[in-house]
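Assemble the whole structure, with the sequences as input and the hints as a guide.
One line per chain: the protein sequences are F, V and C, in this order. Throughout the first sequence, residue numbering follows the working numbering, covering 139 to 668 in sequence. Throughout the second sequence, residue numbering follows the working numbering, covering 25 to 352 in sequence. Throughout the third sequence, residue numbering follows the working numbering, covering 105 to 436 in sequence.
Among these hints, one or two may not hold up.
[Said to hold, decoys possible] Just so you have them, the derived chain C footprint on chain V, three or more residues with Cβ under 8 Å:
id	stretch
1	178 to 187
2	217 to 230
3	263 to 273
Worth flagging that the hints you see were computed from the coordinates, not collected in a lab. Every residue, glycine too, gets a C-beta built ideally from N, C-alpha and C.
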Amino acid sequence: MSLVQVTDLTVEFGDLRAVDGLSFELAPGAALALVGESGSGKSTVASALLGLHRGTGARVGGSIEVAGTDVRKASDEELRRLRGAKAAMVFQDPLSSLDPYYAIGDQIAEVYRVHTRVSRRVSRARAVEVLDRVGIPDAQRRSRSRPHEFSGGMRQRALIAMALACEPELLIADEPTTALDVTVQAQILDLLHTLREETGMGLLLVTHDVGVAAESVDRVLVMQHGRVVEQGPVAAVLGAPAEAYTRELMAAVPRVDDRRTPSEASDEVVLEATGLRREFGRGKRTFRAVDDVSLTIHRGETLGVVGESGSGKTTLGRMLVGLLEPTAGEVRYDGHARVGVNPAVQMVFQDPVSSLNPRRSVGESIADPLRARGERDEKAIRGRVRELLERVGLEGAHYDRYPHEFSGGQRQRVGIARALAADPRVIVCDEPVSALDVTTQAQVVALLGELQRELGLALVFVAHDLAVVRQVSDRVAVMRGGRIVESGPADEVYDNPQDPYTKQLLAAVPALDPQVAARRRAERRELAAA
Amino acid sequence: MSEALVATQVPEADASGTSGARQFWRRLRAQRAALVAAAVVALLVLVALAAPLLTAIEGQDPTTYHPSLVDSARGGVPIGSFGGISGDHWLGVEPQTGRDLFARLVYGARVSLGVALAATAVQVLLGVVVGVASALGNRWVDQLLSRIADIIVAMPLMIMALALLAVVPGSFPRPVLVALIIGFVAWGTIAKITRAATLTLKELDYVSAARLSGWGTWRIARRELLPGLAAPIITYAALMVPANITIEAALSFLGVGVKPPTPSWGQMLTSANVWYQAAPQYLLLPAGALFVTVLALTVLGDGIRTALDPRAASRLRVGTGRGQEAKS
Amino acid sequence: MSGFAGFAVRRTVAAVLTLLALSVIIYVVFYATPGNVAQITCGPRCSPEQVHQVAQQLRLDDPLYLRYWHFLEGIVVGQDYSTGTSVEHCSAPCLGQSYQSDQQVMQIILTKLPVSLSLVIGAMVLWLLLGVGTGILSAWRRGRLSERVLTGITLAGLSTPVFVIGLVLMIVVCGQLELLPFPEYVSFSDDPEQWAWGLLLPWLTLALGEAAYFARLTRASMLETLAEDHIRTFRAYGVGERSIVGRHALRGALAPIIALNANDFGSAVGGAVLIESLFGLPGIGQELVHAVNVVDLPVVVGMVLVIGFFVVLANAVADVLYALADRRVVLT
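Below you can see the structure in the form of structure tokens.
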């Protein structure tokens, strides 16, 4: 008998059909990944498996059977006994998924007690045991800490410990590593892998990241618009996709080992930073976000700046454009020291929602640099804005539309048009594609490349995703703790990393090929042991 | 193709803009309670504005004594049933003086609403100026203004208003004075809300983008920040109006607010407890008027909040009213 | 814990600074007004000689900062006053003297304070119990009829000014039904039972309005917590509704309740003024209203300072409790 049997599942929220006739099954001990872009309905499926839509007004059709429980027909009490005990769920954001007010050990103990009715002391001991099991050092003491005292990776471990407490037959992991840095992501995926080997529990992994899926499961199910596009063994589906959508998806996924045709960079230095330092806070709390960073950017080239959260890469980007003043050091544009902003150095922002004023039409936003420069001729302004809109792949008639009428990728294009309106020579892109789906991501990256060639722009591409950075960069700088630990031509850094941190980062990138993934896993163990 | 799907899923709440005003009305209209409240408020405002007309129709005015209508032998109880209700005096007369209650009530609405609205205007003006200055100013300006706002928030409004009323010369027109004093002692919360909202907005990428365009601070404040502040300010201001009505009534009840002969609901209640048996409407009319006005304004305020911030409101349904900014 | 101790010390220092700032504001507002300050201070019935004497006592010839310093000195170390015929000592904390009743302001306040404290503290216990209880109940019964009824009652409570509640209660409970005697103040040390009996109605009056605010806040912040992600976690792990509402949602609502209680202490003091006037309780509020009506400036200033002291104290205590309740707060 299978562990999960889903037949013809539909989930509707009002008019929106999020899941549309989905069927799949999962054998005991097997691992399946649901892969899809945002809006594909993958997370909705995960919630439906535990009956979490009950009482929310969503309409669920079809049949769902999990560990012998018919989720749709089960009584509330039966459902309660399924949740956590036979099938446990790990959520995306480990900070908000734990109660901030209680000790982590107590929260795990509470869940354990609900299902076992053992004494407080026994359940507390069990909590320490599972925390130890997921690799929390000094679990006895750390079990008394509250979630905010844990790092992101530790919190995700704690959530996994909670899932393990009752030894479930099925673990449902909904984007378990999306909020984490790549090195931490690798650790968590390795942990899940080890636990599965040891306990023999089944795994249902929900993810947008094809690489994460390839690392962790045997079978994969690709979803789009709430339907199954394709399902089968990982190697078959990802290696030789049968469906057009899967092929498109796989083509869009940036690969960390692909070389890039270099752009036509000149020797002319447009932007130069020397000894940049930036501190936040005062007195004893002073925190050095960027520490002694020097770099040069040439006309027509792309410099990739890569780093994990807290590496100071965003602070560096904001200093380069003049939104932040450095505590020490200077930024020289065209050979002249510069204070404050300069329209010739523009920025494309990460969040497509907050980077456009919702109360102004996109045309007005794009026209800002023109008007600020003193252009008064409305016709000329309109004409130039239309031209820019068309240049970034939108329609000129979109001038009077508002940001909410656009998708994330389109808004990012508007942001690029606004940057271009200032006739810049340098554009600093701060995580310009990290909020986008992978197919959209590829389109925006391609657009930036075209513009660069056409206009001879110098680009600084700040991102956490090593594969995307490789895809776009001529040179890269790897940042950690506010410093550049390694820099050089992209191919050199990626193919022959010198700094141990760069090696660690590269080893942590999920591979698309299950065999490569297994090899990387072994490499990581070696690196960790070393 | 995935982009199209994302577009359909963009949450409505982000869809503010020039269509914001229309959406606001649509969301407000969707709430039955808020609509009823809005109708009641509109009626009250109309009554207040038309007070001279209404009393002219009745043929009375709020200040003329009618000693013939009260029984001086029984301590001034109105003559006739139900406190002297008649065709001439629609709601009866005031005990002891015999002044017309209907006229006093509708003129009282004038004072009540007028003072509350004027006080709210003063509070919003002061609060927004201080809040924006504090958020955009340097560290010292911010520290100074924030501390002052803290003190203003902490000090009991009633007490400060009472105390201030003691030192202001009596020659000052009383309703204006009461409005100014309520305004000056209760702008702290709106300053704090404005400051917090401005700080949040200031960090948004579109404000950075405007800076990179080359615009100056003043233009950015006007074009990018102020429109974004409208929602929190309107929300809070709507909830301050009923609070100000209550305070004006309380001050007048204590005899330090609006002084006779200007009629005011709070003032009418002062002596009512002595007369509740002989002339119950003398108590019930101003009490009921206060209750209905404050209730309608509160429900309308909640409705406005729901219409402006549907995300928060869908969670809360009924919000917290005051103290919501307490710690953030 | 040292971080917490440091926080408590910093908070105390901040409270003292706030009080100082408050005293400056109050001094400037009341003693630096245009017009004859001595005349205003002394009161309308003072003779020119008395006014002259008051002017000397207030050192009106000195610059403002020296006068303020003198005022502050009086509060910290006490002062000697000349009443014309004899010299009287006013020991610290000296808030000056009422020229209308010839009493020291601190003396007046001390005799009235027990009444006001009895009223406010008793009512606070009641409104916390009533308000938080109602809030929990309506969050627990959310979506059902009983919640709507509770929400309606709460809204009515919010919309009724406290003195209207008091008037109606007094007329109905004491006048018509004769369930309770008309309120009067009996000192706790004289007769605790009479003390409580006499204050029952004022407590109830003050508590009802405040309880409505707390019910609304408790319900709102519990619902807000119930919408958070971690609640979903416990649902997904089979934890029952009782534990989710009673343990997790309530814990999340605790910090906002404490914060509101501090913020609201001020408005409750304002309500107490009204209630004392309405029920004729001889507390600070009634005295303040009297002082305002007869323009007895030293008493007004003294009262405002003392009330300010209690409000600042309540806020500081609440901040410390808040920090304890919400350990996520960064202590600064």
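Going through the hints against the structure:
no.: 1; hint: 178 to 187; verdict: holds (count 9)
no.: 2; hint: 217 to 230; verdict: violated (count 0)
no.: 3; hint: 263 to 273; verdict: holds (count 3)
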